[in-house]
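Novice: Sequence:
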Amino acid sequence: MDHINHTGLISGLNDIQQIKMSVKAAQKMVGSATMQLDPEAIQRAEEAIQDARNIMNRSQHTGYDEDFIQEQSSLLQQCEHQLSEAQQ
Numbered sequence: 001m002d003h004i005n006h007t008g009l010i011s012g013l014n015d016i017q018q019i020k021m022s023v024k025a026a027q028k029m030v031g032s033a034t035m036q037l038d039p040e041a042i043q044r045a046e047e048a049i050q051d052a053r054n055i056m057n058r059s060q061h062t063g064y065d066e067d068f069i070q071e072q073s074s075l076l077q078q079c080e081h082q083l084s085e086a087q088q
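Residue 1 is where the sequence shown starts when you use UniProt numbering, and the numbers rise one by one after that.
Calculated directly from the structure, the hints in this document are not laboratory data. The reader is advised that the hints may include incorrect statements.
Each pair of labels, with its calculated beta carbon distance range [stated by the list, open to error]:
no., residue 1, residue 2, range
1, Gln70, Met21, 15 to 25 Å
2, Phe68, Leu37, 27 to 37 Å
3, Gln77, Ala41, 26 to 36 Å
4, Ile69, Glu47, 18 to 28 Å
Computed from a prediction, not measured in an experiment: that's the story for all the values here. For each residue, glycine too, the CB sits at the ideal point set by N, CA and C.
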């Protein structure tokens, strides 16, 4: 089972599920942070994006649908852009 670095939690999800869930979590946290404009919420959203990227980078991509990986990466890029726009 995989450990989530900053929380120490252990997950029983497979790699694809972990990637999907981490990207969805990042999207929700970014949405919340951009509505609140709270520095702490923004920091947590940035950490969620980084966690999702780390899970994607750590996973073995062999046998994965490359379109799936590209789509998830694109969603994270959108999150980063949204967060960047909110901070300006």
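Novice: Determine for every hint whether it applies to the structure shown.
Specialist: Against the structure, the hints come out as follows:
For glutamine 70 and methionine 21, the hinted distance range of 15 to 25 Å is satisfied, since their beta carbons lie about 18 Å from each other. Between phenylalanine 68 and leucine 37 the CB atoms are about 32 Å apart, so this pair conforms to the stated range of 27 to 37 Å. The hint said 26 to 36 Å for the Cβ distance between glutamine 77 and alanine 41, and at roughly 20 Å that hint is violated. Checked against the hint of 18 to 28 Å, the pair isoleucine 69 and glutamate 47 passes, with Cβ atoms roughly 21 Å apart.
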